[in-house]
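Chains as they are written, first to last, in the numbering used here: chain L, 98 to 351; chain R, 2 to 291; chain B, 16 to 297.
Treat the hints loosely; a few may be bogus.
Per the computed footprint, the stretches of chain B lying under chain R, defined by three or more beta-carbons under 8 Å from a beta-carbon of chain R, are [as the list claims (entries may be wrong)]:
hint : stretch
1    : 72-86
2    : 233-244
Quick list of in silico lysine-lysine cross-link-like pairs, DSSO-like style, CA-CA up to 30 Å [to be verified]:
hint : chain 1 : residue 1 : chain 2 : residue 2
3    : R       : Lys178    : R       : Lys188
4    : B       : Lys117    : R       : Lys291
5    : L       : Lys229    : L       : Lys340
6    : L       : Lys210    : B       : Lys293
7    : R       : Lys288    : L       : Lys216
8    : R       : Lys17     : R       : Lys188
9    : R       : Lys105    : R       : Lys188
10   : L       : Lys131    : L       : Lys230
11   : B       : Lys108    : R       : Lys17
12   : L       : Lys210    : B       : Lys108
13   : R       : Lys6      : L       : Lys215
14   : B       : Lys117    : L       : Lys238
15   : B       : Lys190    : L       : Lys217
16   : R       : Lys105    : B       : Lys144
17   : B       : Lys293    : R       : Lys6
18   : R       : Lys105    : R       : Lys6
19   : B       : Lys117    : R       : Lys17
20   : L       : Lys307    : L       : Lys217
21   : B       : Lys190    : L       : Lys210
22   : B       : Lys144    : R       : Lys291
23   : B       : Lys24     : B       : Lys117
24   : R       : Lys109    : R       : Lys188
25   : R       : Lys105    : B       : Lys190
26   : L       : Lys215    : B       : Lys190
27   : R       : Lys178    : B       : Lys190
28   : R       : Lys102    : B       : Lys190
29   : R       : Lys17     : B       : Lys144
30   : R       : Lys188    : R       : Lys291
31   : L       : Lys229    : L       : Lys165
If you are wondering where the hints come from, they were derived from the structure by calculation, not from laboratory data.
All values reported here derive from a predicted model rather than from experimental measurement.
Backbone N, C-alpha and C define an ideal beta-carbon position, used for all residues, glycine too.
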Amino acid sequence: MVNVNPQVIIQTINLNCFYGRMQALTNLNIEVYKNEILGIIGPANSGKTTFLRALNRLNYLNPTYSQKGAVIFDNQNADDIPDDMLRKRIGIIFALPQTLPTSIFQNVAYGPKVHGIKKKSELQGIVESALKKAYLWDEVKDRLDMPAPRLSGGQQQRLCIARTLAVEPEVILYDEPCSGLDPISTAKVEDAMGELKSDYTQILVTNNTKQAARVSDRTAFFLMGEMVEIGLTNTIFTTPQDKRTDDYVTGRFG
Amino acid sequence: MSPGKISEYIIESLIKLSGLIIVGFVILIFLFLFRDAVSLFGGYSPGAFLFGRNWLPISEPPQFGILPLLIGSVYVTAGAIIICVPLGVAAAMYIAEVAPKSLKHILKSLIEILASIPSVVLGFIGIVWLGPFLKNTFGLTTGMCGLTGSLLLAFMAMPTIISISEDALVSVPRTFKEAAYGLGATKWQMLWRVMLPSAASGIIAGIMLGIGRVIGETMVVMMVTGNAPVIPESILQPLRTLTATIAGEMGETVSGSEHYYALFAVGLALFIITFIINLIADISLQKARK
Amino acid sequence: MNFARVREKIAFILLGATMLIIVLPILLIIWYIVSNGAGAVTWEFITQPPRNGMKQGGIMPAIVGTIILITGTMAFSLPLGILSAIYLVEYAKDNFFTRLIKLSIVNLSGIPSIVYGLFGFTLFVVYCKFGASILAGALTLAIMSLPVIITATKEALEAVPQSFREISLSLGATKWQTIRNCVLPYAIPGILTGTVLSLSRAAGETAPILFTVAAFYLPRLPHSLFDQVMAMPYHLYVISTQVPNMPLKLSFATGFVLIMVVFLMNLVSIVLRAHFRKKKQW
Numbered sequence: 098m099v100n101v102n103p104q105v106i107i108q109t110i111n112l113n114c115f116y117g118r119m120q121a122l123t124n125l126n127i128e129v130y131k132n133e134i135l136g137i138i139g140p141a142n143s144g145k146t147t148f149l150r151a152l153n154r155l156n157y158l159n160p161t162y163s164q165k166g167a168v169i170f171d172n173q174n175a176d177d178i179p180d181d182m183l184r185k186r187i188g189i190i191f192a193l194p195q196t197l198p199t200s201i202f203q204n205v206a207y208g209p210k211v212h213g214i215k216k217k218s219e220l221q222g223i224v225e226s227a228l229k230k231a232y233l234w235d236e237v238k239d240r241l242d243m244p245a246p247r248l249s250g251g252q253q254q255r256l257c258i259a260r261t262l263a264v265e266p267e268v269i270l271y272d273e274p275c276s277g278l279d280p281i282s283t284a285k286v287e288d289a290m291g292e293l294k295s296d297y298t299q300i301l302v303t304n305n306t307k308q309a310a311r312v313s314d315r316t317a318f319f320l321m322g323e324m325v326e327i328g329l330t331n332t333i334f335t336t337p338q339d340k341r342t343d344d345y346v347t348g349r350f351g
Numbered sequence: 002m003s004p005g006k007i008s009e010y011i012i013e014s015l016i017k018l019s020g021l022i023i024v025g026f027v028i029l030i031f032l033f034l035f036r037d038a039v040s041l042f043g044g045y046s047p048g049a050f051l052f053g054r055n056w057l058p059i060s061e062p063p064q065f066g067i068l069p070l071l072i073g074s075v076y077v078t079a080g081a082i083i084i085c086v087p088l089g090v091a092a093a094m095y096i097a098e099v100a101p102k103s104l105k106h107i108l109k110s111l112i113e114i115l116a117s118i119p120s121v122v123l124g125f126i127g128i129v130w131l132g133p134f135l136k137n138t139f140g141l142t143t144g145m146c147g148l149t150g151s152l153l154l155a156f157m158a159m160p161t162i163i164s165i166s167e168d169a170l171v172s173v174p175r176t177f178k179e180a181a182y183g184l185g186a187t188k189w190q191m192l193w194r195v196m197l198p199s200a201a202s203g204i205i206a207g208i209m210l211g212i213g214r215v216i217g218e219t220m221v222v223m224m225v226t227g228n229a230p231v232i233p234e235s236i237l238q239p240l241r242t243l244t245a246t247i248a249g250e251m252g253e254t255v256s257g258s259e260h261y262y263a264l265f266a267v268g269l270a271l272f273i274i275t276f277i278i279n280l281i282a283d284i285s286l287q288k289a290r291k
Numbered sequence: 016m017n018f019a020r021v022r023e024k025i026a027f028i029l030l031g032a033t034m035l036i037i038v039l040p041i042l043l044i045i046w047y048i049v050s051n052g053a054g055a056v057t058w059e060f061i062t063q064p065p066r067n068g069m070k071q072g073g074i075m076p077a078i079v080g081t082i083i084l085i086t087g088t089m090a091f092s093l094p095l096g097i098l099s100a101i102y103l104v105e106y107a108k109d110n111f112f113t114r115l116i117k118l119s120i121v122n123l124s125g126i127p128s129i130v131y132g133l134f135g136f137t138l139f140v141v142y143c144k145f146g147a148s149i150l151a152g153a154l155t156l157a158i159m160s161l162p163v164i165i166t167a168t169k170e171a172l173e174a175v176p177q178s179f180r181e182i183s184l185s186l187g188a189t190k191w192q193t194i195r196n197c198v199l200p201y202a203i204p205g206i207l208t209g210t211v212l213s214l215s216r217a218a219g220e221t222a223p224i225l226f227t228v229a230a231f232y233l234p235r236l237p238h239s240l241f242d243q244v245m246a247m248p249y250h251l252y253v254i255s256t257q258v259p260n261m262p263l264k265l266s267f268a269t270g271f272v273l274i275m276v277v278f279l280m281n282l283v284s285i286v287l288r289a290h291f292r293k294k295k296q297w
């Protein structure tokens, strides 16, 4: 039915998103390739976050939200996948580090637990490997019982990454993951993203164009609910086709 | 389906069912009151019930005019509200803007304590202390009269009126206050001319809920108002409210008798009156939130 | 001082005086009951049934009856109240049915207690043939307590940060898993506070139990849910209005025990609230 490139893991077809009457995203057609890091840049209110949250249907938590068009994930219409299964496969990291007020261990073990893993030893293995992949293990291995909200902002954000990894998703969405972090913490999060490339598809929404330039393979530029341009990161930042992209990446507005 | 999914399905069904049960209760209450209330009107005319000036359930033939009871309720309620509203709103203003923070907490706890005193205890106070006190002070024939009830009910409605008015005052937007101060108003001018008007719907909601509470109160009025089912000429006379009539006579009726059904008709009238009052309160509360 | 300042001063003094007019009687009432009642409360008063036409002995069956009624009330109203609050906060969409539920709760909270008594009598005592019994009385009190429990639970659920729900859902948890693991645990303090408060109110209610359960004089303890019991508020009503030549000392003592029970429950709820507020981490 849908012509799918074998490399494509996510595709949107004429996606239009609305909050009440306000349209947040217009006629979006985008393809996301397996194991790439796709950067999404654009000024505030350009529809970046709406796009991200449309992929795992988190937008629907807002009762005024509605959408037209389709999101295709792994050759299936996302609407046909139960929410919990879809979200298990497409994880998300929020803008501000959001931890549950429980221990570090419980935060990471939460996902696997709700997916039916009960054995303590198994959970310990999952937590350890997730924390290692998120570059956090060495900093917290001796205090897994400490309340997670006591970690620093950067540590909390890597904890969120570990928590998402613990449910073994296929895609990880990042919604401006470093907006509240200092440069050193940002670097650590970016390192973690690079390390995860071999196993996961990652989509990074960021206000920080330099961050997109540093970590993403391809970059898309969103403006006022539309995708202006998408291409290899290098191309977007050096020879963009659209003048508006050029203006934005060179810092003339935004 | 896995066992987890099944138990989840069951619990979610229960959650949705519980909402239905709440609605069901209201319908049940109405239906059961209505069923027994209309049985009265098989042999007794609704006009005589609503406008009859005599409540004489055991005379021959019996008369079931609720006018004396209704007027009794109105007297007691009006008395209570006249005492309670100015005091309550003033107290709310004091707590919201004048009282220092430490005192504020103490006052609020005291009001909470007042709210928790069982009505039967207040009724007892009315019998042993307030009634005799009023009788001696004002030289009344009896202390068991409308005024005693009104005074006690005013205190029972106080917590409702104070807390809701205080909420309404506190939630007046800061910008309003700042604008008033910016124009050089004193705190009192700001409180009186800016906060009080903008908190009006909230305060009205509090007053309505207070009225609802007073009209529905049973034990206090039954214990202290003298229980005379005649149309009172003044609040200083013994009278009888709708609620006290049900509470006082239900035990003496024979199930299925006209008297029994008449008491349900009184209950239905109370149900409808309080429903309307609470509806008004709810509407002004929602208006206040906006 | 200018005119406006003087006026402000006078106004504030008047407001303070009003506050005093309200607060003083509260303290007076409590002092009156405590000073007259505390002395008469003896070990015998709490542990013995009434004797000699209730003019002697204690109020043990009434204390036990009130405790049984409160327990029964909680058993019915707590699950139903919490479930329906969960429905309203977590599941309900903004539609007719939801508005109907909210309207019902407003209505339930406004129905006079004596009308609950009538309803409980005609439905539970007569129609369901429970007779005047613990079951009928507890069910009546439970329905009456529902609005307070629902409102408190709703507020507690709404106070849980939305981010907790988002975290849980984004990890692929189902809605119910999210509520169970990431919402309810953090709402429990608020729910408990509201529940204890509503039960303390139910403990002091007389009108709803008048025809549904309360016994005038029943010195033995109940054997089953279908037995009648004595209850403290009704007992106080009876001895202060229906028993001639009642020693006032015993009435005061009964009132004292009743308000102590109610205050104690309030205290529990205040302590709970303070305790959990201190522990709160978000």
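Results for each hint:
no., hint, result
1, 72-86, "violated (count 0)"
2, 233-244, "violated (count 0)"
3, Lys178/R <-> Lys188/R, "holds (9 Å)"
4, Lys117/B <-> Lys291/R, "holds (18 Å)"
5, Lys229/L <-> Lys340/L, "violated (43 Å)"
6, Lys210/L <-> Lys293/B, "holds (28 Å)"
7, Lys288/R <-> Lys216/L, "violated (53 Å)"
8, Lys17/R <-> Lys188/R, "violated (49 Å)"
9, Lys105/R <-> Lys188/R, "holds (17 Å)"
10, Lys131/L <-> Lys230/L, "holds (19 Å)"
11, Lys108/B <-> Lys17/R, "holds (12 Å)"
12, Lys210/L <-> Lys108/B, "holds (29 Å)"
13, Lys6/R <-> Lys215/L, "holds (16 Å)"
14, Lys117/B <-> Lys238/L, "violated (49 Å)"
15, Lys190/B <-> Lys217/L, "holds (24 Å)"
16, Lys105/R <-> Lys144/B, "violated (50 Å)"
17, Lys293/B <-> Lys6/R, "violated (36 Å)"
18, Lys105/R <-> Lys6/R, "violated (50 Å)"
19, Lys117/B <-> Lys17/R, "holds (14 Å)"
20, Lys307/L <-> Lys217/L, "violated (42 Å)"
21, Lys190/B <-> Lys210/L, "holds (15 Å)"
22, Lys144/B <-> Lys291/R, "violated (48 Å)"
23, Lys24/B <-> Lys117/B, "violated (44 Å)"
24, Lys109/R <-> Lys188/R, "holds (22 Å)"
25, Lys105/R <-> Lys190/B, "violated (41 Å)"
26, Lys215/L <-> Lys190/B, "holds (19 Å)"
27, Lys178/R <-> Lys190/B, "violated (43 Å)"
28, Lys102/R <-> Lys190/B, "violated (41 Å)"
29, Lys17/R <-> Lys144/B, "holds (29 Å)"
30, Lys188/R <-> Lys291/R, "holds (25 Å)"
31, Lys229/L <-> Lys165/L, "violated (40 Å)"
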